[in-house]
Amino acid sequence: MSGLSIRNVSMRFELPGGGHVQALKDVSLDLKTGELLSVLGPSGCGKTTLLNIVAGFLAPTEGRIELNGHPVTGPDAERGMVFQKGALFEWMSVRENVSFGPRMKGQRPADYRATVDHLLDVVGLQDFKEKAIYELSGGMQQRVALARCLANDPDVILMDEPLGALDALTREKMQSLVLKLWKETGKTIILITHSVEEALLLGERLLVMAPRPGRIHREYALPFADLGVGQDLREVKKHPEFATRREEILGMIWDMEEEIMGRAEGAA
Amino acid sequence: MTGLLILVFYVALFLGSLFILSAIRRARGRTRDFTSLKTVTFGDESAVRPDRAASVISVLVIFLIWGAFTGSKLVPIHVPGPFLGDSQFTYTLEAPDGRRDDATVYTRVFRVGTEVTPREVAPGDGFAKDDTVEVGAWRSKLILMDRNDEVTRKDGARVVAIDGQPISVGGQVRAGNGIVRLTDKGALDYAPAKGLQMEPIWMPAPEAVFGQLIKIAGEGYQNFTLWQHLGWSLLRVLAGFVAGSVVGIPLGYAMGLSGWFRGWFDPIVEFMRPVPPLALIPLVIIWFGIWETGKIVLLFLAALWIMTIAARAGVSGVNITKIHAAYSLGASRWQIMRHVIIPNSLPEIFTGARVAMGVCWGTVVAAELVAAQKGAGMMIIAASKFQLTDIVIMGIILIGIIGYGIDILMRIAERVLVPWKGKS
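Protein chains in written order, with my numbering: chain D, 1 to 268; chain Z, 1 to 424.
These are calculated hints, taken from the structure and not from any lab test. This one's a predicted model, so the numbers in the text were calculated from it and none came from an experiment. By construction, the Cβ of each residue, glycine as well, lies at the ideal position given by its N, Cα and C atoms. Treat the hints with care, as some may be off.
Computed footprint of chain Z on chain D; a stretch qualifies when at least three of its residues, placed anywhere within it, have a C-beta under 8 Å from a C-beta of chain Z [what the hints assert, rightly or not]:
1) 71-83
2) 187-195
3) 222-233
From chain D, some residues computed to sit far from chain Z (all C-beta separations above 12 Å) [stated by the list, open to error]:
4) S5
5) Q22
6) N52
7) G86
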């Protein structure tokens, strides 16, 4: 069986002062190879926890994760991750960062040089290969992070708000880049975001999660990711269905946020 | 008194050069760079740039005051120096029968350390005879003026006036370019005017210090050349620092990576950290003796805790996303150690190394003050025992320059080896 399967995953943290937090409750999900899933939800809905479980950084208290038929028990190169920021190695050049995965596998420069050069061309960093990380802008750093993840050729790419720290213009360029890379590489991608627009644009499937306990609230199948591959993203946003979906989901998340606020005020 | 005057001069020069420089700059017109256009400068730290002219003048002022108060030949202006040369005063001796006679004391004030020839004078007439006396500048001299008189104190004669000014036992008058005091036993105590300059055994002139530097650089001091003294101090620092790092850095890493190590060594490190290395000198001497072993053990202990804490902080400071990223890129534990944790901790370790080198340099000098045959600290403590203040000051200046040099070298090494420091 090929693809990622999340089976009845629950996550419960015990608090030091007694009591517990139910971060995730009974989450089940199947992803076929090559699917692009975006995950959206108000803060505290457990989306980052879910991603960390899939990455293997956390073990769920109940349930299991399987990738291509074998269980996930810890982090592995088959599941690459792109973080919001701060995950690059400042002591390495751009090229050394991107070739990190292959080098750790013991590949020789001759083996990975072509791949690394190609990926750096694809993400538009051909002139910055030997630069230090701290000499790059935030958008360029995220391109390096993407290239570094791809250089390792993972089966699944997990993205934890990868574009969250970028300005609006850079963000739009990067969204096109993510779509382009998805189409070209055919990777399975899970992308977590705070932005409804981004979730709509970059999700073949869109998962809206609800908090307390963290669970899947609704799922959508969307056409925009496919449309965006060959088209300007601003054109996609003009699509009438795009506006409808955006308002619908925004309303949904607003309601959830207000419910949390109401509960917090009630408790206080 | 002199100290207060120096302070007044210093403040006056500080304010004076500030006003003069501001006036010059105003006359030359304002610069119009970005900072000068800021209207809010008080509280904006970035608008405060060190005035390099002030730095230069500051150093010049120190040398100016140093020179002015020590009679240096390198400085054109001086505060009044001690009286030097020939002078005289007369004393009036009263015999028991009430007769009085005047006699003159011819004084010659010379610089201590220079040759002096006694003055030759005729004894004069009357029952009190003239005397001659040689006094070193800044010193005083007891004059037994009646030694050559026909009627002496034993006979009941006593001095009743100096230069016509009446004087009694314990009193003093200004005379002969100085002060003459009548001691309890009736003798004269002559102190020529000291002026405001400092005596070389308190504060030698800059050229004397520089002269000692040249001399000791050529001949050495106390059986070792200057370079051996300084080199040995540096060697001890280096040995102690390297030993402290070799033990401290792995220990810090272990404390950053293992709960057992951290729990085990936390009480020891936290207890030893606030103990000043100087407080360990007595114990180290008892255990390891006063020679090289003792010193290196002391410096090892001075560097150890600093390096341990720096390495621990370096490991603890690694952003967890970097570790996660490395794991999901397929790195093993050892590879994460080698490629992520160690490089990530280098900036902290460099900061620790700078602090440790500074502390070690201070500690080695102190340890050499206690006991050593060679070393920068030994040089100044040995010189101080002979009141060779010029060597003491030369030593202090060299110690300061070397300490500053070490810090600059460490900063350069930091820039070259960990260029990403503070930039992530």
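Given as non-interface: D:Q22, which should sit over 12 Å from chain Z by C-beta: D:Q22 clear of chain Z: closest Cβ-Cβ about 23 Å, beyond 12 Å.
Assertion that D:N52 lies farther than 12 Å from chain Z (Cβ): violated (8 Å)
Annotated coverage of the stretch 187-195 of chain D by chain Z, confirmed only when three residues or more have a Cβ within 8 Å: violated (count 0)
Assertion that chain Z covers the stretch 71-83 of chain D - criterion: three or more residues, beta-carbon distance below 8 Å: holds (count 8)
Assertion that D:G86 lies farther than 12 Å from chain Z (Cβ): Violated: least Cβ distance 5 Å, not greater than 12 Å.
Nearest-CB test (12 Å) between chain Z and D:S5: holds (19 Å)
Coverage of the stretch 222-233 of chain D by chain Z (three or more Cβ within 8 Å): Answer violated; 0 residues pass the 8 Å Cβ test.
In terms of the numbered hints stated before, the structure departs from hints 2, 3, 6, 7, listed from lowest to highest.
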